[in-house]
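Asker: Protein chains in written order, with the working numbering: chain A, 1105 to 1881; chain B, 25 to 196; chain C, 306 to 605.
FYI, nobody ran anything at the bench for these hints, they're computed from the structure. In this text the structure is predicted, and so the values were computed from the model without any measurement. The beta-carbon is built from N, C-alpha and C at its ideal position, and this holds for glycine as well.
For the chain B half of the interface with chain C, some residues (derived, Cβ under 8 angstroms), not all of them:
1) L49
2) C67
3) I69
4) V84
5) L85
6) V92
7) G159
Pulled from the structure, derived: some chain B residues nowhere near chain C, Cβ distances all over 10 angstroms:
8) V30
9) E38
10) W39
11) V40
12) G104
13) R117
14) R176
15) S179
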Amino acid sequence: MSSSSVLEEIRRAEEFLVVGKGVWRIDALDKVTGRARFTSDFVLKDALHVRLVKSPIPHGRIIEIDAERALGLGPVRVFTAADIPGENQVGYALPDQPLLPADKVRYVGEPVALVAAPDEDLAEKAAELVEVRYEELPAVFDPLEAMERSDVLVHEDRGTNIAEMTRVRKGNVERGFEESDVVVENTYRTGHQEHAPLETEGAVAIPDTQGGVTVIASIQYPHLCQRITARVLGLPHSMVRVIQPYVGGGFGGKDDMGPVVSAMAALVAFKTGKPAVLVYSRRDSFTSTCKRDPSVVRYKTGATRDGRLKAIEVQIILDSGAYANRGPYVLWRATMHAGGPYEVPNAKVDGFLVYTNKVFEGSFRGFGNPQVQFAAESQLDELAERLGMDPLEIRLKNLLRPGSRTITDQLLESSVGIYEAVKLLGEKTGFRAKWREYRRERAGRVRRGIGIACGYHGISTSRGVPDWSNATVILGRDGSVTVETGICEIGQGSWTAHAQIAAEVLGVPVERVKVVGGTSDAPDTGATHASRGSSIGGIGVYVAAKRLRERLAEAAARLLECDPSDVEIREGRAFRRDSPDDYVEWEELVQAAYSMGYEMSATGYFFLPKGKFDMERGLGYAYPAFSYIANVAEVEVDLETGKVRVVRVWPALAAGRILNPVLVEGQIEGAIAQGMGYALTEELKFEDGRMLNPNFTDYLIPTSLDVPEVEAPIYVEDLYEYGPFGAKGVGEMALIPTPAAIMNAVKNATGVRITEIPATPEKVYFHLKEAGVVAGE
Amino acid sequence: MTEPRVIRFRLNGEWVQLGVAPNELLINVLRERLHLTGTKYWCGIGECGGCTVLLDGEPVLSCLTLAVDVDGREITTIEGLATGEDDLTPLQRAFIEEGAIQCGFCTPGFILTAQALLRENPNPTEEEIREYVRGNLCRCTGYVNIVRAIKRAASEAAKSRRPGPAAGAASG
Amino acid sequence: MNRFNTHIIPVEFEYHEPRTIREALELLARWGEDAKILAGGTDLLVQMKMRRVEPKCVINIKRIPELDYIREGPAGVRIGAATRLRRLERSGAIKRLFPALHRAIGWMASVQVRNMATIGGNLCNASPAADTAPPLMVYGARVKLASVSGERTLPLEDFFTGPGQTAMRPGEMLTEIWIPRQPEGTGSAFIKVARTAMDLAKVNVAVALTLKGWSAFNVRIALGSVAPTPMRAREAEAALEGRPPTEGLLRRVGDIASEEIRPITDVRSTAEYRREVTKVIVADALRKALGMVRVGGGVG
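Next comes chain A alone, as it looks inside the complex:
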């Protein structure tokens, strides 16, 4: 199908029967009745339980692994790097990460060996008895220090601790700053964030009779798990089958960790011929899985007196921990989003991804973008302050619009709804009046403030890296519809959206559609990340369903004795547009199409058209389109305890067609809560690389009493030509500007700019004290 016809179709459609409606989630019934099965719910009688032997030191050579005492406990097996039949490599962007290290460990908590036993207790006790002797090496924990040092190297073969460098060079920043009337410069810091999915990482691996293995695992991309597991086992991809059961939250972490746990469980199953179960304990999930990269962002912004941005100069340093993992891509995304959703004529951005001897970092909702938007959006408020403007005004002056160019000089022709979204949001919240009032008042112990921050997020992969969609749609002889996709259901509701798309295109009630997703048996649809599950993932469903619809229209035309173009199919009936009473039931139609010889299954491969990107200058086609978001947050700050309470958040989203408002709202509300935790309470503490708080007692995710009220979102449906029905990505959006919106509100309340998150009460308290802000009488 040509892309233009998709677009035309969308534009023509005036009303939808299923799309845009808050239909029941297709997985809801399983989930409310307790029937939904997650990885650890697949209890196999003869399974081996697998536990990790983890490094207690941050950096050291492995001298010897002595399993004798462990093996003496009973029917125990121990596996190390030496047991890996294929390639001991699970690195994503760079080949730097072994499944189990052979030579040295690089962080506290790194799995060194796997222990398997028939029961959990024995596996646990045996794991304790595996003795690993290390020669300790000096370690480096601070990324700024690690960048400068070459005497302590996390990866010696690379000769430096800098894993990746990125850059953008647009226009002439020197001139831009010369032409600026005000220049603001600050350094921003963000901490680690743990995904804390309710369900920890896990995999069940079952050997099959042909020498392959089937893996049931908590994942976000079955085909990646398949590739990596096959690589580790030295098998052809086809010998590894991956199935995603229900997944208890992903947020990006399981995109990175899914292949690792799959390969570990599969290794045990492959070597023993028995099913193997590996479920990370909560502690493992803290100490030994990827996190959001901590960052240091140095940011200089210049603008003219009338508030027009002239130049930005940004340095982004991401702490990657022990391995690069997705870091290079995270850094690219951070780099290309460094300007915020604004027109900036001159931009110079440099990014550095730095190894340290801490747990490695990776994908997490927002993917490098929350770190830079925190800086960019704080900067904008500081600039406004200097110019005597309000935060809304300076944003409206600079926001991207159709025809604007991004900091990579990409022309945005259409689907840029942020200006309208911010305008509506400003009106709805009465932002200006409140902002002025709170700023004027600033008295008493508990101060109120309001803040705004925007964000944008390129959908699909960065820098013109190929991206595609695919799906198979199959019509059963009874008229039932099966959609097969590689997209995973991790709570976001993509399968429900897929069912809606198929139902809308085919003209059947959504209840007839069954989605089989998250399996390597389906076509490779790419990962469920980058807010692409329902949007990019949905394109394949759209295209495949469209192909079937065309065939059905032909078949119906023969039955109704008319031209296919006169056939209408809706709500399970096919009829001539001019005589709706003379119809064929859906089941009959499908059966007739079968007997007429039509193929009643179709795939919907779609390769996303992309432009070119110049890596040297960091310019060109960065993303096919962007989704946009703006949040207004209202806070209360207790000056005497430093506690910040987020009272209310108003979101506005420009992400194309809203396929299912209930699902979209859920994504927004969840992202705001997660962003608030990131901004205020979620803090991982380390001492010499050892994590001090690997539990929910001391790593604090928001509870029902901590989260703010979230007002009904404003939607600006800025349709995107290649999205299904014009949809763009949603999942990550609302988290991205949340920290900045909160800190901008804190500034409005107190007059103090906090440049470091999480802004725990303690940090806020001492910042305020230092600034001399005390409760007035």
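Go by the hints and put chains B and C onto chain A.
Answerer: Just chains B and C, lined up with the frame of chain A:
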């Protein structure tokens, strides 16, 4: 006496009897021995509420309860509420209608806790709801729709308690 | 590194379910240090999962009816040690007579934990952060300890001897908590500084005072998480005793309390911040307690 003890308890309305070791946890007996996997394990130290079951109608944590300790008592798990779409409880229905479900891992614990709340307090305020469920963590929803669903279930139960629409209108 | 599997209890033990205090005490006498008393289990089982304690015998006291009661008498209220926190929270007598205790319990952990945990268990763990300790201390509560050789009572303040340490001797069990009725015109309050709604205290404080005329008497201030045990801030109390509680004085009392405490820096908070917020919440709690008396006015 570390050998198994025979315990008997009412589980989702039916008496079950089995031998358990003193150090066996209720959650593992439910999940691994009785194959009721709707009860979820995720922290093991009382921080998350994922393993909530009702013990004589009150929410408790099955990951911090010895199986021997439920001898003679009544346990309700999520599997005890409904078998399918037709017999969903008002709470289960409200969770679906309000979009209170995302990944679904916290859902069983939330529904059981909310059920106990509505039994104690059939008409809770929003603040009372948030207070009562604060020990059930959710990482997906931001709690907005969960709170809304509990409110909706309460108000629907209140409607059905009224004698009839006329009487309801008369009493204001 | 691997000593943390919270999925199972990797410790084997003998299990007993006595039906009377006598039976329980006999078991304790027999097993001595090898026995642990299981009340709510919300702390003990966590410790056992992590193998911080590995008892050979577990004595479950939840099936002893004579340990589960709330009895209001003319002089005060007696509470059985195995009374669950949730029952106390819902008790009209506790809410009416000891509002700071009521508040402290309602603020603890989750409803699930409060349905399981007992007041005796909360005290016997002797955590510096135990939320029931400061209110009980300001109300002048006493605890009853029993063993096969007899009973004794002591003020709760003398019960705590260090983090996780109590004055209980081997073979002794906490059986009852007694809280005296407070004089008319008494106000009390509890405040906790925590990081989220489910959090353990960074600092908690309970206060009680009796207003006579314009002045405050019988001033008691107790703090948690700021020293090895829950503690009274006696100098701060003395500074307010017998004087009119003016705003300036309340703040000074907070400052004095902040000097008296011995906080440490841990993963939850720095010592410095604990000192700062102590100033604030002591004054806040005093204001709240005063507000209660003043509102109660003629009635109280």
